[in-house]
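S.K.: The residues making up each chain are set out below.
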Amino acid sequence: QQQVKQSPQSLIVQKGGIPIINCAYENTAFDYFPWYQQFPGKGPALLIAIRPDVSEKKEGRFTISFNKSAKQFSLHIMDSQPGDSATYFCAASKGSGGSNYKLTFGKGTLLTVNP
Amino acid sequence: GAVVSQHPSWVICKSGTSVKIECRSLDFQATTMFWYRQFPKQSLMLMATSNEGSKATYEQGVEKDKFLINHASLTLSTLTVTSAHPEDSSFYICSASGPTGGYTFGSGTRLTIV
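Order-wise, the sequence lines are chains D and V.
Per our numbering, residue 3 is the first one in the first sequence, and the count goes up by one each step.
Per our numbering, residue 16 is the first one in the second sequence, and the count goes up by one each step.
Read the hints as simulated data drawn from the structure, not as lab findings.
It is possible that some hints are incorrect.
[Said to hold, decoys possible] Here are some, though not all, of the chain V residues that point toward chain D, as calculated from beta-carbon distances under 10 Å:
id: 1; residue: H22
id: 2; residue: W25
id: 3; residue: K29
id: 4; residue: E37
id: 5; residue: Q57
id: 6; residue: M60
id: 7; residue: L61
id: 8; residue: Y73
id: 9; residue: G76
id: 10; residue: P101
id: 11; residue: S105
id: 12; residue: C109
id: 13; residue: F120
id: 14; residue: R125
id: 15; residue: T127
All C-beta atoms, glycine included, are put in the ideal place defined by N, C-alpha and C.
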């Protein structure tokens, strides 16, 4: 049973566009929602994370919007650049690490930013 | 920030041999280590979770005798793929978590069995 559903599977935007990736979760015990960026042949790197007591968080060009009642969260990338082309994963966990709080990942979104 | 070093980055082995992958936390104590497997264009699949000094907890369907995990210190965990076969070829990634939380991923190991 997939506990975190991510869409779209792939996304193509022009440079300067604002790609939006959406995730929905089922387990209301989740309280940590990170987004990861992964380039081919590399491990995932943390972009930004949010907790359910906040509806929005911004770090640089990356913004997470969180809707606790709908159990949904999304990633917005402002002024996207070709260097942002990568696979993006949303994830969720109970707790933010340690003590066996394992991450549940979405299936990933392949983002292509055309020049 | 927290750094996790994973080695080797790629390895090619003959079928039937064993191969060890190392994962080190460089600037923090990794109380919990996670090992993932990732197939091309797919998400990360958790294989096992280990706490320092304890036996690893394997996810359903993962053969613990095939994938041996050792977490003997707070900075080092190893994954050994025993008697490897071509179907074990994959991208393996470790992740470490310390007392202050967060998950830091290694750079991954591309394992190819020929």
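S.K.: Next, verify each hint and record whether it holds.
M.R.: Verification of the hints:
no.	hint	result
1	H22	violated (12 Å)
2	W25	holds (8 Å)
3	K29	violated (23 Å)
4	E37	violated (14 Å)
5	Q57	holds (7 Å)
6	M60	holds (8 Å)
7	L61	holds (6 Å)
8	Y73	violated (12 Å)
9	G76	violated (14 Å)
10	P101	violated (20 Å)
11	S105	violated (13 Å)
12	C109	holds (8 Å)
13	F120	holds (4 Å)
14	R125	holds (7 Å)
15	T127	violated (13 Å)
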